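J.: Based on the provided sequences and hints, a complete structural model is requested.
Protein chains: 2
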Amino acid sequence: MSDVPPEIETLIERMAKLPGLGPRSARRAVLHLIKKRSQQLVPLAEAMAEVGRTARECLRCGNVGTGDLCAICQSEKRATGEICVVEDVADLWAMERSGVFKGRYHVLGGTLSALDAIGPDELRIPRLVERIADENVTEVILALGATIDGQTTAHYIADQLDGVKVTSLAQGVPVGGELDYLDDGTITAALNARKAL
Amino acid sequence: MSDVPPEIETLIERMAKLPGLGPRSARRAVLHLIKKRSQQLVPLAEAMAEVGRTARECLRCGNVGTGDLCAICQSEKRATGEICVVEDVADLWAMERSGVFKGRYHVLGGTLSALDAIGPDELRIPRLVERIADENVTEVILALGATIDGQTTAHYIADQLDGVKVTSLAQGVPVGGELDYLDDGTITAALNARKAL
Ligand SMILES: [Zn+2]
Ligand SMILES: [Zn+2]
Chain U
1 MSDVPPEIET
11 LIERMAKLPG
21 LGPRSARRAV
31 LHLIKKRSQQ
41 LVPLAEAMAE
51 VGRTARECLR
61 CGNVGTGDLC
71 AICQSEKRAT
81 GEICVVEDVA
91 DLWAMERSGV
101 FKGRYHVLGG
111 TLSALDAIGP
121 DELRIPRLVE
131 RIADENVTEV
141 ILALGATIDG
151 QTTAHYIADQ
161 LDGVKVTSLA
171 QGVPVGGELD
181 YLDDGTITAA
191 LNARKAL
Chain P
1 MSDVPPEIET
11 LIERMAKLPG
21 LGPRSARRAV
31 LHLIKKRSQQ
41 LVPLAEAMAE
51 VGRTARECLR
61 CGNVGTGDLC
71 AICQSEKRAT
81 GEICVVEDVA
91 DLWAMERSGV
101 FKGRYHVLGG
111 TLSALDAIGP
121 DELRIPRLVE
131 RIADENVTEV
141 ILALGATIDG
151 QTTAHYIADQ
161 LDGVKVTSLA
171 QGVPVGGELD
181 YLDDGTITAA
191 LNARKAL
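Chains U and P supply the protein sequences, listed in that same order. If you number the first sequence the way my numbering does, the last residue is 197 and the count never jumps. If you number the second sequence the way my numbering does, the last residue is 197 and the count never jumps.
Treat the hints with care, as some may be off.
Note: identical chains are not told apart, hence a pair may lie in one copy or across any two.
[To be verified] No more than 20 Å apart at the CA atoms, straight line, and that leaves these computed lysine to aspartate or glutamate pairs for EDC-like:
#, residue 1, residue 2
1, Lys35, Asp68
2, Lys36, Asp88
3, Lys36, Glu46
4, Lys35, Glu46
5, Lys102, Glu82
Derived from the structure by calculation, the hints contain no laboratory data. Being a predicted model, the structure only gives us computed values, none of them experimental.
T.: Following this line, the structure appears as structure tokens:
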């Protein structure tokens, strides 16, 4: 649209790239923000710039944080000897919302996928193997989605981890379901009913 | 979630206030942005700040622009004597996408609504009456939604404008429909078949 100021056109284009937003909802969101310039647009721009300046990937587990280590890796309380392996940070947050897991995490950054040519080195699997050796790990809990790729990844990881108990979330994860969609109760049930692989 | 850095928590909360996004889609969007820090997060924050610095409401028509007058009001080509009255800027953009209207606009900023206690002074109606006197206006085209409030507003405006031809979009606007949802062809048909009020 030639008569829309280029600054606004640019903002709409960038907003439309967000997951869950298309061109139409991006236009709506941008007009909403312009109407609420001081209450919403300016604070949102600042919050975004602040995350751009501070957000970092935890060197140990792959979670997001603001230092070399995330808050969970920094907390000695979380050194229970249990590591929960998740596909991504959204799944870690879903586990944390359930409040049932007290240990630390390992964020793979995806699942093995022949179709997308994602092998073990594209994921954080070698780092997980190192952690088993370095930390006093007593149990690795695989909290991966009940998808084909998720389960392939779970079995591959179980094969890599010798001499440590490996379990996986069992009851409650619906077939084909993704962890981040589950309610807290389902996650709690699945964790409590975990079984040895 | 206590272990999410406060900077990220703040960004999620602010994103969740956007129309069309809830807490879950805001979390997804923020994680997506953090993953694409340099390609998406930083440019989006800058685009947003830039719009915050530059976006202004056109003093004449209420459209968004970057100066006292919007690009359409600045363009002498658009001084056709026709003014198209729309509810909001999203509707103005929808009209512009159809490309069929060559005149200028007047953005009301909503519709009259007894329920929401929105009267003529809450809208840009007095300014429209002034424009009829100040500019060489030959026709006012009411492009309001086919809702009860939209049609009430259309009739109120027609009553206020003496001595100028007032028409309204007719054919093509579905009953209960909002302008911004229509395709370009429907808008074109509705404009071409406009009828005198
Ligand atoms: Zn960590
Ligand atoms: Zn204008």
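J.: Against each hint, give a clear statement of whether it holds in the structure.
T.: Do the hints match the structure? See the list:
Taking the closest pair of Cα atoms, Lys35 and Asp68 come within 20 Å of each other only across two copies (16 Å); inside a single copy the shortest separation is 39 Å, beyond that limit. Taking the closest pair of Cα atoms, Lys36 and Asp88 come within 20 Å of each other only across two copies (14 Å); inside a single copy the shortest separation is 33 Å, beyond that limit. Taking identical chains as interchangeable, the C-alpha atoms of Lys36 and Glu46 lie at most 20 Å apart whether they share a chain (14 Å) or sit on different chains (17 Å). With identical chains, the CA atoms of Lys35 and Glu46 are at most 20 Å apart both within one copy (17 Å) and between copies (18 Å).
Taking identical chains as interchangeable, the C-alpha atoms of Lys102 and Glu82 lie at most 20 Å apart only when both belong to the same chain, with a minimum of 8 Å there against 67 Å between chains.
Figure legend: structure checked against the earlier numbered hints; every hint is met.
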